[in-house]
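Novice: Generate coordinates for the entire structure from the input sequences, incorporating the hints supplied.
Read top to bottom, the protein sequences are chains F and R.
Using our numbering, read the first sequence as starting at 570 and increasing by one per residue.
Using our numbering, read the second sequence as starting at 40 and increasing by one per residue.
If you are wondering where the hints come from, they were derived from the structure by calculation, not from laboratory data.
Be aware that a few hints might be false.
With a Cα cut of at most 27 Å, we get these calculated BS3-like pairs of lysine-lysine [said to hold, decoys possible]:
| hint | chain 1 | residue 1 | chain 2 | residue 2 |
| --- | --- | --- | --- | --- |
| 1 | F | Lys680 | R | Lys202 |
| 2 | F | Lys628 | F | Lys680 |
| 3 | F | Lys680 | F | Lys603 |
| 4 | F | Lys603 | R | Lys564 |
| 5 | R | Lys202 | F | Lys598 |
| 6 | R | Lys553 | R | Lys564 |
Per label pair, the in silico range of CB-to-CB distance [as the list claims (entries may be wrong)]:
| hint | chain 1 | residue 1 | chain 2 | residue 2 | range |
| --- | --- | --- | --- | --- | --- |
| 7 | F | Ile602 | R | Gly386 | 44 to 52 Å |
| 8 | F | Asn600 | R | Leu64 | 33 to 41 Å |
| 9 | F | Ala658 | R | Tyr488 | 49 to 57 Å |
| 10 | R | Val470 | F | Met581 | 53 to 61 Å |
| 11 | R | Asn152 | F | Thr573 | 30 to 38 Å |
| 12 | F | Lys603 | R | Asn41 | 32 to 40 Å |
| 13 | F | Ala658 | R | Asn41 | 27 to 35 Å |
| 14 | R | Phe341 | F | Asn640 | 43 to 51 Å |
| 15 | R | Arg148 | F | Leu584 | 48 to 56 Å |
| 16 | F | Leu592 | R | Asp151 | 38 to 46 Å |
| 17 | F | Asn600 | R | Val470 | 42 to 50 Å |
| 18 | R | Ile44 | F | Ser649 | 47 to 55 Å |
| 19 | R | Ile65 | F | Ile602 | 35 to 43 Å |
| 20 | R | Phe60 | F | Met636 | 35 to 43 Å |
So, partial list: chain R residues that the calculated Cβ filter (under 7 Å) puts toward chain F [said to hold, decoys possible]:
| hint | residue |
| --- | --- |
| 21 | Phe177 |
| 22 | Ser198 |
| 23 | Leu204 |
| 24 | Val219 |
| 25 | Gly471 |
Here the structure is a predicted model, which is why all the values come from computation and not from measurement.
A virtual CB, placed ideally from N, CA and C, is assigned to each residue, including glycine.
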Amino acid sequence: MNITIFMLNILMVSLIANIVIALYGLIFKPNMIKKIISLTIFSDTASIIAVVIGYRFGKLPLPPVYMEPSNPDYIYELLSRSVDPLPQALVITAIVINLSFIVFLSVITLKLYDVFGSINLHLALRREVIERIEAEYETFEE
Amino acid sequence: MNYTISIHLGLTSIIPAAFAFSLPLIGRITKSRLVGTIYFMVATFLTFLVNTIVFYQVHIYDTIVVYPFGGWPPPLGVVYVADKTSTLMGFTISLSIFILSLYIHWYTRHMDNYLLMYTLVLILEAGFMGFLYTSDVFNIYVMLEVIGLATYPLVAFYSYRWKALAASARYAILAAIITVLYFLATILLYAVAGTLNMGCLAVKVRSISLCQHSDPFFGGGVNGPLFYFVFYLAMAIWTSFLISALFPNHFWLPDAHSEAPSPISALLSGLAINMGVYFFLRIVYTVYNDGLFTHELGNVMFITLTLASIATIYGALMMGFEDDVKRILAYSTIMNTGFIYMGVSLGTVLGVTAGLYHMLNHAIGKILAFTAIGVFVRRYRTRNIEALEGAGHLYPLAMFTLIASFLHLIGLPPFGGFFSKILLFQSLIEVGNYIVACILIVSTVASSYGYLRVLEHLWHIPFPTVILKREKLSLHTKIVLLVLVAWTLLLGLLQQTVYTILVDTSRQLINGYKDYAMALYMLYKYLTPTDIQVPE
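Specialist: Structure follows, in structure tokens:
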């Protein structure tokens, strides 16, 4: 087996494992900080997949920049060997968006700690039920 | 079919964004509430004006309006395309936000951080406009995040309440999962199709052989497994279901929409829900319909119809069990989303017409219901219907408008809601789907109990009569409520005109992918005058 393809397979398997771990953390971990960390893992994994898709296999890849204007044949060389610049542009956009997302979630986490006294999101969502049960228990005692 | 390049189309999302970023600065410098409010209203009015111009060009002159950002030709750059569906929704959304801006001014009269709400509403509007008019699949992702990042702070606007914070955090994390998955699907689609433009994608899905053409517009062809097309379809449909909260993805909605301030609930429940429906229509009908993936699309339509039927029953039943007024309206939104998707997933012209008609009716009716209930909630500082007993006597005008909106949402003849529901019933009978037609009637009847329960509690005077001082509604709140009532009435009274416009719209949507792709192709030809030789 070609060593490049072998390494690529390992990369893809590890990326898929990353996605599974990140989804587990996002859904099942109650701690907001752990959710934010899982979200960064998830979005960065997606970005790495995008970069891999833009890569040109085969010959030695070139950066997608026309560096020799004096040589008109260079453009053909560039077309056959340069990597795809579009996924890189998409990844930059996605990174900026995810950064703003993480800043927003951090602010929400701070506010939640101030108001609620805990950063356990699942408890905050289930608190109403707990209160109702406690209230019923108190009335029963009286 | 004519094609027009118009700068007004580009301005639809530029105006609210530019005003949004300069608004906090203007507000801080002048330190005047009046200047900030006028600046906000001017922004919403200009957006409405620009949208009206595009609506007029598209619907009266029967053209497709395009605008290339930065002069980039279509497969490379972001191009805005306005066809009948998107302009119809853009017109409705910009007009409702302009009307609501008056109400937002009234609602935030005692708040210190009113500039935050103005700014976020303008960013939300910019996101709506970009989402509606863009023809680029990746730009949809960006606009989705713009809408989201404006929505989550608005849901958590009362940041001293942990319930609002928790609702906002849950919505944000859920949407983050879906949007990252959508980003992944977009990238994989690009790897296969070599383009992110919806016009090019539509042509490539219809005929792969056409893509081998040497024309650079279709260049690259399709290389790789066609499975990624299906993966993108699944992720796009899931995204649209999450935005519009169709049944299994609904659980964030009652918390988020009830914890937000009332005008924001109106915006989210009435308008943000429609973005998902628009995305569903665009992906299913413009890009994928009648292409290689007919079998997969049939499955999608069947699943959507099933989920929509469950959603209507579920929403109608849950409306009867809730004690929170805004949660009752939120469950009504879940039910109405089911109605809209029922019509949209039939695949016939009549079905799509009914779905679009019900979407317009629900948007206006829900905005009216939330603005009217917001008057009571703001005064009484509670959302429990037991605590709101007798409140209807304090504000007769708000009570009257609330009754009008509920009759509109239930669907009684002078209002528009009746005509959309009967059209939906007709389209279901036309297809021969009698079970779903029965579900439509059953859930309408069941939901009327939930609506009438609210009215009964608001009008019933409790025995130890609590005398509250009657507060006068300000003039512009009265104007907002009456204009919205007039709009619901007009949707019913001008039924023939609305029906004609909607039939044209849905006909163009179902059959008109060629117009959509040709608009982009003509723009490409216009922007690249010389033929480019592609090396083999």
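Novice: With reference to the structure, classify each hint as holding or not holding.
Specialist: Hint check results:
| no. | hint | result |
| --- | --- | --- |
| 1 | F:Lys680 <-> R:Lys202 | 11 Å, holds |
| 2 | F:Lys628 <-> F:Lys680 | 53 Å, violated |
| 3 | F:Lys680 <-> F:Lys603 | 16 Å, holds |
| 4 | F:Lys603 <-> R:Lys564 | 51 Å, violated |
| 5 | R:Lys202 <-> F:Lys598 | 19 Å, holds |
| 6 | R:Lys553 <-> R:Lys564 | 16 Å, holds |
| 7 | F:Ile602 <-> R:Gly386: 44 to 52 Å | 46 Å, holds |
| 8 | F:Asn600 <-> R:Leu64: 33 to 41 Å | 37 Å, holds |
| 9 | F:Ala658 <-> R:Tyr488: 49 to 57 Å | 54 Å, holds |
| 10 | R:Val470 <-> F:Met581: 53 to 61 Å | 44 Å, violated |
| 11 | R:Asn152 <-> F:Thr573: 30 to 38 Å | 55 Å, violated |
| 12 | F:Lys603 <-> R:Asn41: 32 to 40 Å | 56 Å, violated |
| 13 | F:Ala658 <-> R:Asn41: 27 to 35 Å | 33 Å, holds |
| 14 | R:Phe341 <-> F:Asn640: 43 to 51 Å | 58 Å, violated |
| 15 | R:Arg148 <-> F:Leu584: 48 to 56 Å | 52 Å, holds |
| 16 | F:Leu592 <-> R:Asp151: 38 to 46 Å | 40 Å, holds |
| 17 | F:Asn600 <-> R:Val470: 42 to 50 Å | 49 Å, holds |
| 18 | R:Ile44 <-> F:Ser649: 47 to 55 Å | 35 Å, violated |
| 19 | R:Ile65 <-> F:Ile602: 35 to 43 Å | 37 Å, holds |
| 20 | R:Phe60 <-> F:Met636: 35 to 43 Å | 37 Å, holds |
| 21 | Phe177 | 6 Å, holds |
| 22 | Ser198 | 5 Å, holds |
| 23 | Leu204 | 5 Å, holds |
| 24 | Val219 | 5 Å, holds |
| 25 | Gly471 | 40 Å, violated |
Violated hints for the displayed structure, listed by number in ascending order: 2, 4, 10, 11, 12, 14, 18, 25.
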